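**Student:** Listed below, chain by chain, are the residues.
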Amino acid sequence: ETGVTQSPTHLIKTRGQQVTLRCSSQSGHNTVSWYQQALGQGPQFIFQYYREEENGRGNFPPRFSGLQFPNYSSELNVNALELDDSALYLCASSGWNSNTEAFFGQGTRLTVV
Amino acid sequence: LAKTTQPISMDSYEGQEVNITCSHNNIATNDYITWYQQFPSQGPRFIIQGYKTKVTNEVASLFIPADRKSSTLSLPRVSLSDTAVYYCLGGPRGYALNFGKGTSLLVTP
Numbered sequence: 174e175t176g177v178t179q180s181p182t183h184l185i186k187t188r189g190q191q192v193t194l195r196c197s198s199q200s201g202h203n204t205v206s207w208y209q210q211a212l213g214q215g216p217q218f219i220f221q222y223y224r225e226e227e228n229g230r231g232n233f234p235p236r237f238s239g240l241q242f243p244n245y246s247s248e249l250n251v252n253a254l255e256l257d258d259s260a261l262y263l264c265a266s267s268g269w270n271s272n273t274e275a276f277f278g279q280g281t282r283l284t285v286v
Numbered sequence: 002l003a004k005t006t007q008p009i010s011m012d013s014y015e016g017q018e019v020n021i022t023c024s025h026n027n028i029a030t031n032d033y034i035t036w037y038q039q040f041p042s043q044g045p046r047f048i049i050q051g052y053k054t055k056v057t058n059e060v061a062s063l064f065i066p067a068d069r070k071s072s073t074l075s076l077p078r079v080s081l082s083d084t085a086v087y088y089c090l091g092g093p094r095g096y097a098l099n100f101g102k103g104t105s106l107l108v109t110p
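These protein sequence lines are chains A and B, in that order.
Just add 173 to wherever you are in the first sequence, counting from 1, and you've got my numbering.
Just add 1 to wherever you are in the second sequence, counting from 1, and you've got my numbering.
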């Protein structure tokens, strides 16, 4: 158990719909990062939030957006879903620029049909 | 973020020592080398992190030579439960993790 929880665990959506994924970070961690992991690939960095501000973004289009709340929990929103968005979405929490590792949640398996 | 290269797959028998080597020729001065383990349908789990020389914890050792252009993760006496994908990452602490495809380790009896 890492203390990072994600919801829901599984989700099926139709192409064109919108989806919101949620993440509760580990106690004491103020930084949350989101990753997309397609089948057979390593996780790809989407973006990172620190103290409610986006603090870095990977090569993902603007229809991928996020929020971080005062309690450091976070949401990932994806608009206009495409079939290629089907993946495991992972949330990781860490202390800012800390010497501790990132702790990952179990992920949300999103299937777009 | 450092670009890393590691073998796609490795096989081992139970009880053997497994060494997975990763190359990272363009590693920057402030980059650390970090290894993660991932089981199917789970998030990656931190194994070990180092900057240079040798680091050891209860599950693994990490060897980084002086030039820091490569590193070796050593897993002593692997068991079936060590079957997983292992990722080598290079980058500054606290920033985005740059995962490649990792090394798929299969441990058999």
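Note that these hints are calculated values from the structure, not bench results.
Everything numeric in this text was worked out from a predicted model, so none of it was measured.
Ideal Cβ positions, reconstructed from N, Cα and C, are used throughout, including at glycine.
Some clues are possibly wrong.
Some chain A residues near chain B, calculated using beta-carbon distances under 10 Å [said to hold, decoys possible]:
#, residue
1, Lys186
2, Leu261
3, Cys264
**Student:** How about Lys186 of chain A: closest beta carbon in chain B under 10 Å, or not?
**Tutor:** violated (19 Å)
**Student:** Verify the interface restraint on Cys264 of chain A: the C-beta must sit less than 10 Å from at least one C-beta of chain B.
**Tutor:** With a closest approach of 8 Å, the Cys264 of chain A hint holds.
**Student:** Against chain B, run the beta carbon of Leu261 of chain A and see if the smallest gap drops under 10 Å.
**Tutor:** holds (7 Å)
The structure is inconsistent with hint 1 alone, although it conforms to all the rest.
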